[in-house]
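Enquirer: Chain by chain, the residues:
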Amino acid sequence: MTIEIGLATLAAGFVIGYLWQRSKSCSISGYRDFYLFRDTLFMRTIVGMALGALVGYLLFFRFSPYMADFPLMLHNEPGAGSLATLTLAVIGGLGYAFFSVLAEGCPLRQHVNATTGNGAAIIYIVGFYVGILFFQIVMVNYVNVFSRLF
Amino acid sequence: MKVDKLLAGFVTGLWAAVAQAVFFIAPPSAFGICFISHPSDLIDWIVNHLVGTTLYVHDPSLDIPILTVVGVVLGASLSTLRNKEFNFRMPRHPLDHFINGFFVAMFGLTLGYCSVHIIMALTYGSFVALVGLAGMLSGVVLSSNYIKWRVRR
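These protein sequence lines are chains A and B, in that order. Per the numbering used here, residue 1 is the first one in the first sequence, and the count goes up by one each step. Per the numbering used here, residue 151 is the first one in the second sequence, and the count goes up by one each step.
Just so you know, the hints here were simulated from the structure itself, not pulled from any lab data. Ideal Cβ positions, reconstructed from N, Cα and C, are used throughout, including at glycine. It cannot be assumed that every hint is accurate.
Claimed, not checked - In silico DSS-like links for lysine-lysine, alpha-carbon gap of 27 Å or less:
(1) 152/B <-> 234/B
(2) 24/A <-> 234/B
(3) 298/B <-> 24/A
(4) 152/B <-> 24/A
What the hints assert, rightly or not - Rough simulated footprint, nothing fancy, chain B against chain A, three-plus residues with beta-carbon under 8 Å:
(5) 21-28
(6) 55-64
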């Protein structure tokens, strides 16, 4: 199944990348523009994602054996009962959105922008991958210890 | 040809459901698209295979990494080339963008979701995603006010 997953994600990513480039979509600017200017243009992406996922999940969950835990909240979701996990979710969400708004786009948008020759997005992506490696090599141990504290 | 943002979002959301239901890209659930975990899996998988480290990758990426990132870059590149939109330009403060990227990755991995994945997880009924989204909206408010303050100063 792994080759199929690799090829399927490659093909799906190709379509999504093409569509996001043509539509100049972003998944964080919608919240920012709505908060600052009450502008709903970028919110269309977020609403579209929610609708697409909801339609898909509702369509498939009765037939697919791989969706036995839908809806997740009613199936003993991992981490949902842990205060430490929820604290990390708040801290992570807050920091992620803070720096994404400063960067003027979510990571998906930055990857798309980089292909248009946007130097800011290219440098962002370099920082992004350095950040990933720094987290996985150094920070992950501290986060794991924190998540077991309470 | 312009594409509506609603359509782009809808296809992205629908793919997340197909990925889970048909291709079983899980655990974790609702893992069809994520621009924190998929890039992380890809880079960790490459580093693991090059240097022999044991950096964490999710189960679906153990043998062959999930290639969403590669697909997105290829698809967006094709669109850019077809529409002749390539225009290389350097930013005025490159270090700022590096720092933004660095901290988005750090906080995103702490959360475990990106702003696309969190919508998928929320529609899948995840409580952690709901709490994470509350944090995310607080971050947007904080950052927007910081930008306003910086402009006025």
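Enquirer: Any hints this thing doesn't respect? Which numbers, in order?
Expert: Per hint list: zero violations.
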